[in-house]
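Let the hints inform the model, and build the full structure from the sequences given.
Quick mapping for you: the protein sequence lines, in order, are chains C, Z and A.
The letter at position 70 of the first sequence is residue 70 when you use full-length UniProt numbering, and the numbering goes up by one with no holes.
The letter at position 66 of the second sequence is residue 66 when you use full-length UniProt numbering, and the numbering goes up by one with no holes.
The letter at position 67 of the third sequence is residue 67 when you use full-length UniProt numbering, and the numbering goes up by one with no holes.
Please keep in mind that the hints were generated in silico from the structure rather than gathered at the bench.
The beta-carbon is built from N, C-alpha and C at its ideal position, and this holds for glycine as well.
Between beta-carbon pairs, the in silico distance windows are:
| id | chain 1 | residue 1 | chain 2 | residue 2 | range |
| --- | --- | --- | --- | --- | --- |
| 1 | A | 175 | C | 110 | 48 to 58 Å |
| 2 | C | 14 | A | 226 | 30 to 40 Å |
| 3 | A | 202 | Z | 52 | 48 to 58 Å |
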Amino acid sequence: MDAEKCEFLAGDESIEIIPKLNADEIHLISADVGPFEAGVGTRVPLWLALLLRKKHYCTIVTPNWLSPDELRRYLVAETENAGLTELPNYFFEIAHILVREAHEDLLESDLVKTLVQDLWDRREAKLRTSIVKFLSQKNVSHARLDYVQPTEVVAARPTLAACKQIARLVANIHDSQQSQT
Amino acid sequence: MDAHEGIADAAIRLVQELKHNPNIIPPYDATLMRQCIDTLNRLYDQNARSLMDPTGDPSISPEQITTQREQRTAAIIYIWRCTTAYIHERACRIRSLRWRFGGILPISIRNNLSEAEIEFFNSYSSALADFQSSLGESGVNLMANTEPPKHLFVQVRVKEDYGEFETNDGNVVILNKNSLHSLPRQDCEMLIRRGILEIANP
Amino acid sequence: MDDSFQPDALLNAASSSGEAAEEIGNEEEDEELITPAEVLLKMKRAWQNEAAAPCILPHQYEILEILVDQIDGMDENLARVKDKTQLKVSIHRAELQRINYLTSDYMRIRLKKIEGNVRRIMTQHNERLRQGKPPLLSEQELRFAEKYAKAEAQLLGKSVLGFLPTPVQKIPHPEEDADLSSVYLQVLEDNVENVPLPDYTDPTAEIIVSLERDSIHLIPFAPIRDHLENDRVRLL
Numbered sequence: 001m002d003a004e005k006c007e008f009l010a011g012d013e014s015i016e017i018i019p020k021l022n023a024d025e026i027h028l029i030s031a032d033v034g035p036f037e038a039g040v041g042t043r044v045p046l047w048l049a050l051l052l053r054k055k056h057y058c059t060i061v062t063p064n065w066l067s068p069d070e071l072r073r074y075l076v077a078e079t080e081n082a083g084l085t086e087l088p089n090y091f092f093e094i095a096h097i098l099v100r101e102a103h104e105d106l107l108e109s110d111l112v113k114t115l116v117q118d119l120w121d122r123r124e125a126k127l128r129t130s131i132v133k134f135l136s137q138k139n140v141s142h143a144r145l146d147y148v149q150p151t152e153v154v155a156a157r158p159t160l161a162a163c164k165q166i167a168r169l170v171a172n173i174h175d176s177q178q179s180q181t
Numbered sequence: 001m002d003a004h005e006g007i008a009d010a011a012i013r014l015v016q017e018l019k020h021n022p023n024i025i026p027p028y029d030a031t032l033m034r035q036c037i038d039t040l041n042r043l044y045d046q047n048a049r050s051l052m053d054p055t056g057d058p059s060i061s062p063e064q065i066t067t068q069r070e071q072r073t074a075a076i077i078y079i080w081r082c083t084t085a086y087i088h089e090r091a092c093r094i095r096s097l098r099w100r101f102g103g104i105l106p107i108s109i110r111n112n113l114s115e116a117e118i119e120f121f122n123s124y125s126s127a128l129a130d131f132q133s134s135l136g137e138s139g140v141n142l143m144a145n146t147e148p149p150k151h152l153f154v155q156v157r158v159k160e161d162y163g164e165f166e167t168n169d170g171n172v173v174i175l176n177k178n179s180l181h182s183l184p185r186q187d188c189e190m191l192i193r194r195g196i197l198e199i200a201n202p
Numbered sequence: 001m002d003d004s005f006q007p008d009a010l011l012n013a014a015s016s017s018g019e020a021a022e023e024i025g026n027e028e029e030d031e032e033l034i035t036p037a038e039v040l041l042k043m044k045r046a047w048q049n050e051a052a053a054p055c056i057l058p059h060q061y062e063i064l065e066i067l068v069d070q071i072d073g074m075d076e077n078l079a080r081v082k083d084k085t086q087l088k089v090s091i092h093r094a095e096l097q098r099i100n101y102l103t104s105d106y107m108r109i110r111l112k113k114i115e116g117n118v119r120r121i122m123t124q125h126n127e128r129l130r131q132g133k134p135p136l137l138s139e140q141e142l143r144f145a146e147k148y149a150k151a152e153a154q155l156l157g158k159s160v161l162g163f164l165p166t167p168v169q170k171i172p173h174p175e176e177d178a179d180l181s182s183v184y185l186q187v188l189e190d191n192v193e194n195v196p197l198p199d200y201t202d203p204t205a206e207i208i209v210s211l212e213r214d215s216i217h218l219i220p221f222a223p224i225r226d227h228l229e230n231d232r233v234r235l236l
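Next up, the structure:
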């Protein structure tokens with residue numbers, strides 16, 4: 001799993017578009033989309049929204065949760081909570097994709113970019129602290145990470161290698177303890 | 001004791017050859033391999049003889065003879081590990097060649113492989129081909145779609161004259177050397193792999 | 001848009017709305033009706049799990065083959081469309097690429113795992129068959145594994161092992177240490193059984209972890225294997 005694969009998965013999340021043309025319903029394998037009426041908002045998978053936008057057949061509507069006001073609320077919540085706050089599915093992936101490929105459709109895209117980055121940084125700091133604490137505890141091999149986002153899991157992958165090393169060390173210690181008794 | 005110094009030198013050098021050249025397949029070192037095999041066999045014979053004739057040199061105690069045997073066994077295992085690791089690591093790299101180049105190896109790489117390795121490449125290719133053709137109506141192609149489809153179109157530069165090319169969405173383009181085009185990614189994969197096109201702006 | 005265009009002609013299988021959901025899969029008694037959209041979701045899940053798992057998981061080739069058939073069918077239909085510049089064609093093709101990526105990557109990931117430890121995996125496969133568990137490898141993968149094992153043995157034999165004394169003619173087995181690995185997982189259902197974890201400070205003690213629905217955990221792989229096989233959790 002890597003960042004590219006996360007973006008791929010995020011492509012299936014639904015998003016609102018304003019079509020610029022009329023078109024009949026299309027029966028895809030994954031979903032039925034349409035019919036499309038010019039000027040009338042409708043929801044489609046993100047991958048389709050990007051395809052249509054690239055061909056100038058629609059504009060993408062900024063999701064509510066990606067407005068500067070909502071982002072500031074998330075930032076406040078992130079500061080107030082000890083754990084991670086719950087964010088919409090594939091929050092960072094969708095934000096990155098829209099900023100990169102649809103920023104003309106985004107309201108205040110520069111501000112959005114900054115706020116999303118702030119949110120990422122704040123959460124990353126939390127994750128780092130709790131992982132350090134987790135790795136230095138002696139007895140247990142388990143941690144709970146509710147509301148962690150897919151991209152954050154990818155970034156935290158190196159921890160798995162550390163866990164494995166620890167498990168190996170422990171297994172060796174227990175083996176040699178047993179052979180001593 | 002000193003007779004064993006350097007006994008695994010050839011084995012160590014084999015492994016180092018690959019460590020020092022991590023991104024290519026260096027020429028197969030039949031000489032070093034031969035040395036390893038000969039050394040291992042010699043050690044094995046010495047141990048066998050030592051077991052069959054325990055009296056041997058009266059100036060050496062039975063404990064020392066046992067220790068010698070143990071040391072030879074350790075060396076045998078070590079050489080076995082190094083030689084099999086050498087073959088194994090090269091096999092890993094050879095397998096990834098199949099994914100880069102398809103079933104035909106470039107001559108420059110072929111020349112670096114042993115006969116057995118070329119045979120391995122062919123057997124591996126054929127096992128993959130059998131697997132691919134065993135699925136779907138006309139087989140599957142695992143060398144395509146190796147990345148998530150992100151950009152539908154890629155910018156490509158034509159490296160060799162190719163002539164007319166029809167994309168899957170019905171457009172016909174003329175691929176002249178050095179011309180730039182924006183083409184559907186899926187259609188380009190094979191031409192890029194064959195070196196006819198290259199990505200213009202990664 | 002072209003009025004004469006027949007949208008449904010492009011899709012072999014049923015509409016994903018489930019109205020005409022086909023009976024897909026083995027024709028066994030009481031086979032649940034499953035829509036193409038659901039098949040796709042299962043494939044996505046299987047792919048994610050396989051990508052994250054430290055060892056090879058029981059195969060999901062029934063789903064894979066359904067999708068491969070769908071891809072073939074759609075490909076064929078798209079090839080027959082006269083006006084390929086239509087928007088619908090691009091859209092269907094784009095979806096096909098996505099599905100193709102999933103299925104191809106799933107197969108590739110598993111083949112690489114097989115190549116990495118072929119003999120041990122074949123042993124595990126046979127062991128599971130004897131225990132009546134769902135098979136590890138599909139038929140096609142098993143045939144591949146056998147051929148690959150043979151090719152590898154030949155290579156080692158002709159390069160080094162064949163020149164050595166018989167007792168040393170052993171093919172090395174890479175260590176399988178999946179049980180030492182940890183994973184990130186998410187709990188999918190309610191009432192998932194608690195998991196006992198080793199207490200590192202006391203080899204005789206256990207620590208019990210409860211698995212609430214939707215919670216996310218960093219946890220050793222071995223104790224949750226069964227839950228994963230039963231779809232009660234998924235890997236991230």
